[in-house]
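Undergrad: Each chain, letter by letter, is given below.
2 protein chains.
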Amino acid sequence: MAKNAFYAQSGGVTAVINASACGVIETARQHSDKIGKVYAGRNGIIGALTEDLIDTSKESDAAIAALRHTPSGAFGSCRFKLKSLEDNKREYERLIEVFKAHDIGYFFYNGGGDSADTCYKVSQLSEKMGYPVQAVHVPKTVDNDLPITDNCPGFGSVAKYIAVSTREASYDVRSMAKTSTKIFVIEVMGRHAGWIAAAGGLAADAENDIPVVILFPEVEFDQAKFFAEVKAKVDKYDYCSVVVSEGAHWPDGRFLAEQGTRDAFGHAQLGGAAPVVANMIKDELGYKFHWAVADYMQRAARHIASKTDVDQAYAMGKAGVEMALAGDNSIMPAIVRTSNNPYAWEVGKAPLSEVANVEKMMPAEFISENGFGITEACREYLVPLIQGEDYPPYENGMPKYVTLKNEGVPRKLDPFEL
Amino acid sequence: MAKNAFYAQSGGVTAVINASACGVIETARQHSDKIGKVYAGRNGIIGALTEDLIDTSKESDAAIAALRHTPSGAFGSCRFKLKSLEDNKREYERLIEVFKAHDIGYFFYNGGGDSADTCYKVSQLSEKMGYPVQAVHVPKTVDNDLPITDNCPGFGSVAKYIAVSTREASYDVRSMAKTSTKIFVIEVMGRHAGWIAAAGGLAADAENDIPVVILFPEVEFDQAKFFAEVKAKVDKYDYCSVVVSEGAHWPDGRFLAEQGTRDAFGHAQLGGAAPVVANMIKDELGYKFHWAVADYMQRAARHIASKTDVDQAYAMGKAGVEMALAGDNSIMPAIVRTSNNPYAWEVGKAPLSEVANVEKMMPAEFISENGFGITEACREYLVPLIQGEDYPPYENGMPKYVTLKNEGVPRKLDPFEL
Chain A
1 MAKNAFYAQS
11 GGVTAVINAS
21 ACGVIETARQ
31 HSDKIGKVYA
41 GRNGIIGALT
51 EDLIDTSKES
61 DAAIAALRHT
71 PSGAFGSCRF
81 KLKSLEDNKR
91 EYERLIEVFK
101 AHDIGYFFYN
111 GGGDSADTCY
121 KVSQLSEKMG
131 YPVQAVHVPK
141 TVDNDLPITD
151 NCPGFGSVAK
161 YIAVSTREAS
171 YDVRSMAKTS
181 TKIFVIEVMG
191 RHAGWIAAAG
201 GLAADAENDI
211 PVVILFPEVE
221 FDQAKFFAEV
231 KAKVDKYDYC
241 SVVVSEGAHW
251 PDGRFLAEQG
261 TRDAFGHAQL
271 GGAAPVVANM
281 IKDELGYKFH
291 WAVADYMQRA
301 ARHIASKTDV
311 DQAYAMGKAG
321 VEMALAGDNS
331 IMPAIVRTSN
341 NPYAWEVGKA
351 PLSEVANVEK
361 MMPAEFISEN
371 GFGITEACRE
381 YLVPLIQGED
391 YPPYENGMPK
401 YVTLKNEGVP
411 RKLDPFEL
Chain B
1 MAKNAFYAQS
11 GGVTAVINAS
21 ACGVIETARQ
31 HSDKIGKVYA
41 GRNGIIGALT
51 EDLIDTSKES
61 DAAIAALRHT
71 PSGAFGSCRF
81 KLKSLEDNKR
91 EYERLIEVFK
101 AHDIGYFFYN
111 GGGDSADTCY
121 KVSQLSEKMG
131 YPVQAVHVPK
141 TVDNDLPITD
151 NCPGFGSVAK
161 YIAVSTREAS
171 YDVRSMAKTS
181 TKIFVIEVMG
191 RHAGWIAAAG
201 GLAADAENDI
211 PVVILFPEVE
221 FDQAKFFAEV
231 KAKVDKYDYC
241 SVVVSEGAHW
251 PDGRFLAEQG
261 TRDAFGHAQL
271 GGAAPVVANM
281 IKDELGYKFH
291 WAVADYMQRA
301 ARHIASKTDV
311 DQAYAMGKAG
321 VEMALAGDNS
331 IMPAIVRTSN
341 NPYAWEVGKA
351 PLSEVANVEK
361 MMPAEFISEN
371 GFGITEACRE
381 YLVPLIQGED
391 YPPYENGMPK
401 YVTLKNEGVP
411 RKLDPFEL
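From first to last, the protein sequence lines are chains A and B.
Residue numbers for the first sequence follow my numbering, beginning at 1 and rising by one.
Residue numbers for the second sequence follow my numbering, beginning at 1 and rising by one.
No lab work stands behind these hints, which were simulated from the structure alone.
From the three backbone atoms N, C-alpha and C, an ideal C-beta is built for every residue, glycine too.
Treat the hints with care, since some could be wrong.
Stated by the list, open to error - Chain B is faced by these chain A residues, among others (derived, beta-carbon under 7 Å): (1) Ser57; (2) Ser72; (3) Gly76; (4) Ser84; (5) Asn88; (6) Ile148; (7) Phe184; (8) Ala300; (9) Pro342; (10) Val383; (11) Gly397.
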C-alpha cells in the first residue's frame, strides 16, 4: 500500500514557500498509487513531534492551486532545530513513533540551512534506527545562502521587491531634493550575507541613473568613507539613496542597529540600522532624510513576486516528490543555471550531507571596489532572478490569498512534551 | 494668440501625481489652438519664481504618456508656501513678471492643502494686480485631507499599498507565531488624519480573519487599553498586527514617534512610532515582535497603484485644463461620489476660496467604538478607492518608469533671490 508523506515548512517564511507546498502536494496527488495522503506538520517539525498533523487531502484542488499565489507558510512554520541523534534520541524515537502511527514513508522539509540539517538527521533514521523513510529537503530562504543550488526560492521575490521599492523611493526623493529630503535610507534583511542588500543596486540601470550607496554585512563600516561617498553623490545628484543591510556592522562587530543613541527625551533610541544611518548623515552632512524599514513586508510581498522565483519554488517542490518516488533519500533538489543570457536553468540534485550547515556567502567579486555598490558580475547573477511578474488574482482591490481549512488528523498517540 | 500654461507639482509627491501631469499636458496638447506650450516649474513654484521653466513641448507623446504609470514628481516638487499678497508683494510681482515674459495665461498647481492656498493667491492676481491669469488647483495628497472632493488622488494607491502590505505581513506573522514573532507593527503616514492608517483595516475582511489594531491620530493613545486590546487579540489568534499612524500621540500631544527634530516648516519630524510601540508591547506583554516603517515606499509604490486612483488622477488633470478653457478661475476639479455599490463617480468643481486652508478630518463614525478599528461605514468609503490594478510595463524584471529630458526654457529675466 502507498505510504503517506509528511511535509512541513520551517524557519522564516517567504512569498513563495507555499508555491513549493503546492508543487509537493499537486505532484503527490498525481501519484496516488505511490503516495497516499500528504500530512502537513502544523508549525513545522513541531507538528510531527506533537502529532499535530494536518490532513491536506481535505483541501480542494482549487485551494491547493491557490497556494501557488499565497505568501507565508500555509501550515505554520517554526524555529526549532533538532539536536543530534546522540544528544536527543527521545525526539527521533518520537518521530518514528508518529511516522509509524500514520504510515509515513516520505519526509519533505521546506526550509533553509538549519532545516536542511534537521532533514539530514531525519534522512539518517533508516540507517541508524531502522525506520525506512525517504527524506528530501525542499530549499527555501530569502537569505539565498544555501550551497550548491545557484539560488534559493524566496530570494528572487525579495530581491525584486527591494529593487523596485528602492527605485520607486529614489524617484520620490529625487522629486523632493530641492527644498526637502535629500537622503532616503532603506533597511533590508540579511544578517550574514548581503544578497538582499545587493538587490537594491538594481534600482539603477542604464536608463535609471540613480545614486545608490549600499552597506553590506560583508564590508566593515567605515564611517568617514561612507560620509564621503554620500556627499559625493549628493554633490552630483542632489540626492542619494542608501540601502543598509540589517547585518551592517562596525569594525568591532557591533551592528549599526545597536548604536546607543538617545532621543530628545534621553531615552535610548529604539530602532534599526536605517534610523541610525539616516541620523548620522544628518549630523555630519546636514541633509534632511527619510528612512524605511521593509522587514516582513519584503519577504511577504507576493503582490510583486518574481515569476522566475515562483516557477522555481514550484519546481523544487515537484522535483522533491519525483526524486523521492525515484527512490532518493537525503537529497535536495537544486537550481542549476545553464545560461545567463538568455537565462536558463534546470533542476539538479544535491546530497544533504553537503548542504547541511554550509552557508554560501556572497562572492567578493560581486561587491564593487569601494565597497558600496554591486559589480557587473553581480548584476548578471541577480537580474535573471527577478524576471517576470506573477500577479495574484484580486477581488475588491485586494489580493485573494487562500487560508486553508487545516483540519487535523485524529491523534493516535500519547501527548509529547517538547 | 494662444497663451502658454504653467504647471507645477507641489508638496509630497505620490504614485499618481504624474498621472495628473499627464492629464494636464495631453489635454493641453489636444487644444493647441487655445493653449500654447505647457511650461512646467522645475521644483514647483520655485521654478516660476526663479524663471526655471521646463519646456514640456520637447517631450515626445510617448514620454508624456509614460507619466501616467510613473510615480514621483517628474518636474521636481517643493515645499514652499507663498506668503500673503500683503506680506510679500515682491514674490507676486515676480510671478507676474515671469508670466508676462513667457506669455503665461494659465496656472495649474498640483498639490494639497498648502498648495491650494498658493494657487488661491495666484488666482487673485487678476483682480488685485491686474494680471489676467486663470488659476486651477489640481488636487493631490496621500493624506486625503482636502475638503469638498470625496477623496484625493494619491490616497487610493497608498491605501491599497498599506492594505495589501498589512495583509501580506499578517499572513507572515501568523505563520511564525507558534515559536517566534507574535506581533507585527507597521508605521504609516498621516500626521493629522488617520485615513492611511484606516486602510490597514482593509487587510481583514470576511475571508481574511486577521486581527488588526490601529492607532489613529484622532484617538489619544491609551496605553493600558492598548495593551489589553493586543493581549485579547493574541489570546484569541496567537498573533496580532498593529498599524500605527506617524501622528499617533499621547494625551499630552507628544507623538509616540517624536524624535526632537523639525522639518522646514517647523513641524516635528516623525518616524519611529513603530519601534516604540513594538518595544512597549514586548516590555509589558513579552511578545516577540517585528516592525516595519513604510515611509516613502508607500506613496511611491506605483507598482501596486489603485486603478481607480490612477484614473481619477488623470481625470483631475484633464478636467483642470477643460475648466480653464471654459473660462474658470480660482477653482479645483473635485471627485464626486455618486454611488457606493457599484461605485460611481463624476467630476465636480470646488471654489478655491472654500478649499484653501481647510483640512478634512476623518469622520468620527469611521472609527470603531473602542478606537482601534474601522467601521463598516469606513470600509464602504475606502474599498472603492483601492479598486483595480494598473500595472506599469516591465523590462528586465523592473518597472519601466520615465525620466523626462526636462529641457529648460531660455531665461529672459534677471535672477531672483528666494
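Undergrad: Give a verdict on every hint.
TA: Each hint, compared with the structure:
no.: 1; hint: Ser57; result: violated (21 Å)
no.: 2; hint: Ser72; result: holds (4 Å)
no.: 3; hint: Gly76; result: holds (6 Å)
no.: 4; hint: Ser84; result: violated (20 Å)
no.: 5; hint: Asn88; result: violated (17 Å)
no.: 6; hint: Ile148; result: violated (24 Å)
no.: 7; hint: Phe184; result: holds (6 Å)
no.: 8; hint: Ala300; result: holds (4 Å)
no.: 9; hint: Pro342; result: violated (12 Å)
no.: 10; hint: Val383; result: holds (6 Å)
no.: 11; hint: Gly397; result: holds (4 Å)
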